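From just these sequences and the hints, can you work out the full model?
Protein chains: 4
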Amino acid sequence: MPKFAAGVVKFQQEVFPENAALFEKLAQGQSPEALFITCSDSRIETGMLTQSQPGDLFIVRNAGNIVPPHYKGAGATTAAIEYACVALNVPHIVVCGHTQCGAMKGAMNLDALDALPHVKEWLSYSQAAVEITNELGKDLDEHARNLLLLEQNVILQLAHLRTHPAVAVRLARGDLRLHGWVYDIADGEVYAFDDANNRFEPVSKRYAAEVAKHLALHTHDHPAL
Amino acid sequence: MPKFAAGVVKFQQEVFPENAALFEKLAQGQSPEALFITCSDSRIETGMLTQSQPGDLFIVRNAGNIVPPHYKGAGATTAAIEYACVALNVPHIVVCGHTQCGAMKGAMNLDALDALPHVKEWLSYSQAAVEITNELGKDLDEHARNLLLLEQNVILQLAHLRTHPAVAVRLARGDLRLHGWVYDIADGEVYAFDDANNRFEPVSKRYAAEVAKHLALHTHDHPAL
Amino acid sequence: MPKFAAGVVKFQQEVFPENAALFEKLAQGQSPEALFITCSDSRIETGMLTQSQPGDLFIVRNAGNIVPPHYKGAGATTAAIEYACVALNVPHIVVCGHTQCGAMKGAMNLDALDALPHVKEWLSYSQAAVEITNELGKDLDEHARNLLLLEQNVILQLAHLRTHPAVAVRLARGDLRLHGWVYDIADGEVYAFDDANNRFEPVSKRYAAEVAKHLALHTHDHPAL
Amino acid sequence: MPKFAAGVVKFQQEVFPENAALFEKLAQGQSPEALFITCSDSRIETGMLTQSQPGDLFIVRNAGNIVPPHYKGAGATTAAIEYACVALNVPHIVVCGHTQCGAMKGAMNLDALDALPHVKEWLSYSQAAVEITNELGKDLDEHARNLLLLEQNVILQLAHLRTHPAVAVRLARGDLRLHGWVYDIADGEVYAFDDANNRFEPVSKRYAAEVAKHLALHTHDHPAL
Numbered sequence: 007m008p009k010f011a012a013g014v015v016k017f018q019q020e021v022f023p024e025n026a027a028l029f030e031k032l033a034q035g036q037s038p039e040a041l042f043i044t045c046s047d048s049r050i051e052t053g054m055l056t057q058s059q060p061g062d063l064f065i066v067r068n069a070g071n072i073v074p075p076h077y078k079g080a081g082a083t084t085a086a087i088e089y090a091c092v093a094l095n096v097p098h099i100v101v102c103g104h105t106q107c108g109a110m111k112g113a114m115n116l117d118a119l120d121a122l123p124h125v126k127e128w129l130s131y132s133q134a135a136v137e138i139t140n141e142l143g144k145d146l147d148e149h150a151r152n153l154l155l156l157e158q159n160v161i162l163q164l165a166h167l168r169t170h171p172a173v174a175v176r177l178a179r180g181d182l183r184l185h186g187w188v189y190d191i192a193d194g195e196v197y198a199f200d201d202a203n204n205r206f207e208p209v210s211k212r213y214a215a216e217v218a219k220h221l222a223l224h225t226h227d228h229p230a231l
Numbered sequence: 007m008p009k010f011a012a013g014v015v016k017f018q019q020e021v022f023p024e025n026a027a028l029f030e031k032l033a034q035g036q037s038p039e040a041l042f043i044t045c046s047d048s049r050i051e052t053g054m055l056t057q058s059q060p061g062d063l064f065i066v067r068n069a070g071n072i073v074p075p076h077y078k079g080a081g082a083t084t085a086a087i088e089y090a091c092v093a094l095n096v097p098h099i100v101v102c103g104h105t106q107c108g109a110m111k112g113a114m115n116l117d118a119l120d121a122l123p124h125v126k127e128w129l130s131y132s133q134a135a136v137e138i139t140n141e142l143g144k145d146l147d148e149h150a151r152n153l154l155l156l157e158q159n160v161i162l163q164l165a166h167l168r169t170h171p172a173v174a175v176r177l178a179r180g181d182l183r184l185h186g187w188v189y190d191i192a193d194g195e196v197y198a199f200d201d202a203n204n205r206f207e208p209v210s211k212r213y214a215a216e217v218a219k220h221l222a223l224h225t226h227d228h229p230a231l
Numbered sequence: 007m008p009k010f011a012a013g014v015v016k017f018q019q020e021v022f023p024e025n026a027a028l029f030e031k032l033a034q035g036q037s038p039e040a041l042f043i044t045c046s047d048s049r050i051e052t053g054m055l056t057q058s059q060p061g062d063l064f065i066v067r068n069a070g071n072i073v074p075p076h077y078k079g080a081g082a083t084t085a086a087i088e089y090a091c092v093a094l095n096v097p098h099i100v101v102c103g104h105t106q107c108g109a110m111k112g113a114m115n116l117d118a119l120d121a122l123p124h125v126k127e128w129l130s131y132s133q134a135a136v137e138i139t140n141e142l143g144k145d146l147d148e149h150a151r152n153l154l155l156l157e158q159n160v161i162l163q164l165a166h167l168r169t170h171p172a173v174a175v176r177l178a179r180g181d182l183r184l185h186g187w188v189y190d191i192a193d194g195e196v197y198a199f200d201d202a203n204n205r206f207e208p209v210s211k212r213y214a215a216e217v218a219k220h221l222a223l224h225t226h227d228h229p230a231l
Numbered sequence: 007m008p009k010f011a012a013g014v015v016k017f018q019q020e021v022f023p024e025n026a027a028l029f030e031k032l033a034q035g036q037s038p039e040a041l042f043i044t045c046s047d048s049r050i051e052t053g054m055l056t057q058s059q060p061g062d063l064f065i066v067r068n069a070g071n072i073v074p075p076h077y078k079g080a081g082a083t084t085a086a087i088e089y090a091c092v093a094l095n096v097p098h099i100v101v102c103g104h105t106q107c108g109a110m111k112g113a114m115n116l117d118a119l120d121a122l123p124h125v126k127e128w129l130s131y132s133q134a135a136v137e138i139t140n141e142l143g144k145d146l147d148e149h150a151r152n153l154l155l156l157e158q159n160v161i162l163q164l165a166h167l168r169t170h171p172a173v174a175v176r177l178a179r180g181d182l183r184l185h186g187w188v189y190d191i192a193d194g195e196v197y198a199f200d201d202a203n204n205r206f207e208p209v210s211k212r213y214a215a216e217v218a219k220h221l222a223l224h225t226h227d228h229p230a231l
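Chains as they are written, first to last, in this note's numbering: chain G, 7 to 231; chain V, 7 to 231; chain D, 7 to 231; chain W, 7 to 231.
I should point out that these hints are in silico values taken from the structure, not numbers from a laboratory. Since the structure is predicted, the reported quantities are computational estimates derived from the model, not experimental observations. For each residue, glycine too, the CB sits at the ideal point set by N, CA and C. Take these hints with a grain of salt, some might be off.
Straight line, CA to CA, 16 Å or less: simulated EDC-like cross-link-like pairs of lysine to aspartate or glutamate [as the list claims (entries may be wrong)]:
#1 Lys78/V <-> Glu127/D
#2 Lys9/G <-> Glu39/V
#3 Lys31/D <-> Asp190/W
#4 Lys78/G <-> Asp190/V
#5 Lys16/D <-> Glu195/W
#6 Lys16/G <-> Asp193/V
#7 Lys78/D <-> Asp120/W
#8 Lys31/W <-> Asp193/D
#9 Lys31/V <-> Asp193/G
#10 Lys16/V <-> Glu195/G
#11 Lys31/V <-> Asp190/G
#12 Lys9/D <-> Glu39/W
#13 Lys111/V <-> Glu127/V
#14 Lys78/D <-> Glu127/V
#15 Lys111/D <-> Glu137/D
#16 Lys16/W <-> Glu195/D
#17 Lys16/D <-> Glu216/W
#18 Lys78/G <-> Asp120/V
#19 Lys16/D <-> Asp193/W
#20 Lys78/V <-> Asp120/G
#21 Lys111/V <-> Asp190/V
#22 Lys78/V <-> Glu127/G
#23 Lys31/G <-> Asp190/V
#24 Lys9/W <-> Glu216/D
#25 Lys9/V <-> Asp190/G
#26 Lys31/D <-> Asp193/W
#27 Lys9/D <-> Glu216/W
#28 Lys111/W <-> Glu127/W
Distance windows between CB atoms, simulated [said to hold, decoys possible]:
#29 Leu177/W <-> Asp120/G: 35 to 45 Å
#30 Arg183/V <-> Glu216/D: 28 to 38 Å
#31 Gly79/G <-> Asp201/V: 29 to 39 Å
Pasting the structure below:
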């Protein structure tokens with residue numbers, strides 16, 4: 007019995023009517039703030055995690071939040087990146103990994119993936135992160151080594167993103183900003199990559215100025231709150 | 007100023023604490039009810055649309071909710087389908103298209119996509135739906151023809167799904183059910199494909215029995231409501 | 007000493023003169039009734055099996071009567087399907103497997119194919135049929151399991167056929183009919199797939215009405231018989 | 007009304023019983039004399055043309071009797087060649103083109119193939135033959151130029167055959183012989199390539215010694231004829 011079908015009916019009865027004005031506006035077009043690339047993992051609920059509304063995020067989800075490097079050909083992720091940049095001119099791209107990621111566990115142990123040949127091939131796009139982790143994480147305990155892999159995978163996918171012409175040209179002219187995140191589903195923390203210092207730090211710290219500014223604006227906009 | 011970063015901080019302060027028990031449980035593993043394949047379009051908020059919780063849906067999002075037919079090689083969608091079927095044994099797969107889909111508009115007019123070469127190639131996986139629409143929709147007005155394309159694209163992607171071994175084998179032994187949906191973002195309606203009668207009908211009608219059963223159970227679980 | 011060269015000389019001396027009028031007509035063009043996709047196996051003689059004349063069947067033969075799912079690119083089978091549908095508008099496509107098929111034996115035992123790497127890769131297009139057979143045929147004896155594989159392979163290739171735009175559009179407008187057959191070379195029986203009831207039955211039963219009609223017409227055309 | 011289904015029933019009633027012994031023997035295995043690669047064109051009836059019996063020829067048929075050069079990957083023609091050589095050890099391979107070939111007409115005029123994109127890509131494997139024909143055939147009338155293309159295409163596909171490892175190794179040790187033919191469907195003539203003299207001549211002349219020897223043997227075997 008698919009719960010999700012009942013959920014849609016509940017959405018239609020309880021949620022849509024309250025947001026009818028927003029959906030009417032959105033039927034005219036979309037202008038999302040970001041391309042958000044994250045894992046297919048069911049434990050990531052993008053709307054909840056980012057407290058965003060319909061219309062805010064153009065979303066790509068695949069196993070392992072992976073971005074293949076640019077190549078000539080048809081690819082799900084490649085096409086979506088091109089659409090987000092060229093057709094929608096998004097000013098931000100987020101690559102968001104997460105703890106307990108089955109894809110990344112598989113990447114660390116490819117020999118165990120014989121029953122998943124396509125996953126195995128797909129994870130070749132994370133291989134550099136695995137090798138870096140094996141090098142740099144030799145003396146770490148398992149938890150810390152897993153976290154290192156998640157971070158290195160996000161950094162690698164950001165590098166892959168830069169190989170896409172539509173991304174590279176917008177970065178070159180300052181129209182686009184890249185963000186690398188790792189979401190810890192056990193405690194809700196999100197670690198954001200600080201490119202200049204080559205480290206991850208909590209999102210509240212990494213975006214402190216902007217969060218404060220946004221909260222101030224938000225307060226100004228809605229004085230009653 | 008990225009609004010989504012402020013949203014994460016809000017999530018951490020207001021939402022996560024209330025759901026801490028759920029997230030603690032989810033940190034042990036996932037067992038989603040469905041693989042949900044939908045478009046990257048920002049106007050689709052999967053959690054809101056299906057009223058689902060973290061853990062409920064394994065989600066693939068790309069431009070046009072497209073499923074390439076099975077082939078040997080590495081592909082985002084192919085790998086995620088394999089993972090959902092083989093590693094997670096999801097009992098349902100939903101392919102969910104939507105109105106106002108930019109990818110489908112592009113598919114109807116590929117000549118206008120010269121600035122989006124990867125999107126153009128990616129949309130070759132929707133070509134049969136375009137050709138069927140041009141044939142069967144000749145006498146329809148633009149709105150009805152667009153809707154026909156969205157429906158035919160979903161039907162085509164379901165056909166592509168059946169070429170994936172992990173899907174085919176589970177269908178053959180009755181362990182998997184496929185669902186084809188089209189979501190109208192302007193009025194909140196979701197049309198679901200009725201395979202036996204080769205037509206789409208409102209989700210509340212298509213799943214009437216299951217919705218009723220679920221709502222009954224739900225009421226039983228929470229008598230206070 | 008190639009017997010087939012002597013055969014051609016015999017054809018020129020004994021057969022061509024009797025059919026000169028037919029060949030003269032055929033030199034103007036072809037309008038075949040069907041695209042007939044079958045195995046390269048030498049034991050299948052398409053003209054003998056279908057009692058057809060030159061001009062009747064547009065024929066594709068490869069190892070395993072396989073149809074790769076549609077993809078953008080150059081492929082022998084893909085190109086021939088497109089030509090048969092778009093250039094010749096054939097009203098029927100038959101996929102005809104057969105007993106004792108070496109390709110299907112190989113598909114059941116890929117590990118034994120290390121000396122045939124291209125065959126091994128090619129047989130990935132039959133992988134779903136193998137997996138379904140392993141699931142559903144667990145309790146069958148070897149003969150029945152082999153037959154199940156041949157049937158499942160034909161059903162799978164029909165599913166692949168439907169992913170080709172030229173096929174999909176003609177099916178949608180009712181201009182094309184698909185047929186799935188398994189030929190038993192030991193006893194001459196041909197089993198035809200009954201889509202509605204999801205089973206194979208003897209060709210004489212499956213096409214009873216049409217065979218009767220054709221034989222009646224044939225008798226009418228040639229009253230002397 | 008598919009005539010070919012009625013044909014199968016006729017085969018079962020009239021032809022199979024007379025050949026039951028042959029088919030019983032063939033059910034044990036196949037040992038064909040040649041791999042015969044020819045066009046899908048309906049006007050070519052391989053059994054009739056070569057006066058062969060079931061079991062004699064392992065047959066590959068595609069649009070344009072094309073053999074892609076060897077490459078790593080899954081291909082219908084590549085797999086069948088490998089199977090014929092490695093698994094069946096055929097001593098001969100014939101590539102047989104024919105007059106009035108729609109594929110070759112298309113190859114001479116690729117711009118007219120916009121509605122057949124896969125055919126267009128597939129014909130890239132005949133491009134060298136087209137270019138040679140345009141060079142060497144400048145001063146020929148249309149009929150002669152078309153014939154030149156058919157011949158050059160067969161010569162090119164023989165060259166492609168030699169790039170396949172399974173073919174090359176058998177040629178090197180003298181276990182395999184290649185044959186290039188062009189069949190004129192209007193008059194029944196078959197022209198065979200004479201490698202040493204780089205020209206085509208009638209099959210009766212090209213194989214004169216062998217045909218004579220075969221006919222003598224055949225007479226010996228069946229003195230009553």
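Let me make sure I understand: some of the numbered hints might not hold for this structure. Which ones are they, in numerical order? Violated hints: 4 and 25; rest satisfied.
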